[in-house]
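Colleague: Okay, here's what each chain looks like letter by letter:
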Amino acid sequence: MNKPQRPLSPYIQVYKPQLTSMLSIMHRITGLFLSLGLVIFVYWLYRLATDLNIANEVIGFFQTGLGCTLLYVWIFAFAYHLCNGIRHLFWDVGKGYSIPAVYRSGYSVLLAAALLTALVYFLSR
Amino acid sequence: MTQQTNSFQTDTAKVKGLGSSKSGFGHWWMQRMSAVLLIPCGLYVLFSLAGAEVLQAQVVVAWLTQPFNAAVTLLFALAGSYHGALGVDVVVEDYIHNHAVNLTLRYLTKILMIVMMMSSVFALATILFG
Chain V
1401 MNKPQRPLSP YIQVYKPQLT SMLSIMHRIT GLFLSLGLVI FVYWLYRLAT
1451 DLNIANEVIG FFQTGLGCTL LYVWIFAFAY HLCNGIRHLF WDVGKGYSIP
1501 AVYRSGYSVL LAAALLTALV YFLSR
Chain G
2 MTQQTNSFQT DTAKVKGLGS SKSGFGHWWM QRMSAVLLIP CGLYVLFSLA
52 GAEVLQAQVV VAWLTQPFNA AVTLLFALAG SYHGALGVDV VVEDYIHNHA
102 VNLTLRYLTK ILMIVMMMSS VFALATILFG
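Protein chains in written order, with the working numbering: chain V, 1401 to 1525; chain G, 2 to 131.
Source of the hints: derived by calculation from the structure; they are not laboratory data. Do not rely on the hints blindly, as some may be mistaken.
[Said to hold, decoys possible] Output of the computed footprint for chain G on chain V, the stretches with three or more beta carbons under 8 Å from beta carbons of chain G:
(1) 1414-1420
(2) 1454-1466
(3) 1472-1486
[Said to hold, decoys possible] In silico negatives: residues of chain G with every beta carbon more than 10 Å from chain V:
(4) T11
(5) A14
(6) Q67
(7) T74
(8) G81
(9) S82
(10) E94
(11) A101
[What the hints assert, rightly or not] Stretch by stretch, here's where chain G covers chain V in the computed footprint (C-beta under 8 Å, at least three residues):
(12) 1423-1432
(13) 1504-1513
Backbone N, C-alpha and C define an ideal beta-carbon position, used for all residues, glycine too.
Make the full structure from the sequences, and use the hints.
Modeller: If you want it as structure tokens, here you go:
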């Protein structure tokens, strides 16, 4: 196969970042991050059934500075991916395609994800 | 057909081999169906764990001995593993252009998904039926 000798689109080096493209790539990045988180979650479930001490060590790690930061990045990623996923489901049934609607739903998703993360924070106090 | 082709296939053979009207749709559809299931299950697990007074293994195990909690957590883990594997599949397809690496990564993704599903079924069965 001949490789085209021209820049491929989108030419991201000169592509102006916009809310729409940033939220789109964030959906992928949060999705990958959540997949990693789920591996740890399932490992933790397995340890809850087999060795409570190790299960407590996993909780202990998420209470350290680094662990807690990771946990809240994970919770925000979860909230964002969930809200933006609902936005995608609306697009899938053909709703909300106008440019103003796309921006409105985009900002709403960011706001909702931040609020959900804050709610988890206050509930776990 | 007036269109010139470089193929020896008959028109019927070409039509039968084209398009995604069969299994191509399945990947997209299951991604959505698992997503819909994950909305209530994910929120339930997240807020149950966030609301636990003390987050200790013993407390979580006690919570999981309630059959409803165990069922929702298992659904979350199973649908999540499946949804995650489908998503990683798409990312690998899009960005890994070396065919051998592409196939290997997608194979490993599926194996990891199966291991995660087996582990979560084992874990919740053990907690429930000890």
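Colleague: If a hint holds in the structure, say so; if it doesn't, say that too.
Modeller: Here is how each hint holds up against the structure:
1. 1414-1420: Violated: only 0 residues of the segment 1414-1420 of chain V have a Cβ under 8 Å from chain G.
2. 1454-1466: holds (count 3)
3. 1472-1486: It holds: at least three residues are needed, and the segment 1472-1486 of chain V offers 5 whose Cβ sits within less than 8 Å of chain G.
4. T11: 26 Å, holds
5. A14: 23 Å, holds
6. Q67: 14 Å, holds
7. T74: Label violated. Min Cβ-Cβ 7 Å, cutoff 10 Å.
8. G81: About 5 Å separates G81(G) from the closest Cβ of chain V, which leaves it inside 10 Å; violated.
9. S82: 6 Å, violated
10. E94: Non-interface label on E94(G) holds, nearest chain V Cβ at 12 Å vs cutoff 10 Å.
11. A101: For A101(G), whose nearest Cβ neighbour in chain V is about 16 Å away, the distance exceeds 10 Å, so it holds.
12. 1423-1432: As far as the segment 1423-1432 of chain V goes, the hint holds, because 3 residues have Cβ atoms under 8 Å from chain G.
13. 1504-1513: Since 0 is below three, the answer is violated.
Taken one by one, the earlier hints fail for this structure at numbers 1, 7, 8, 9, 13, listed in ascending order.
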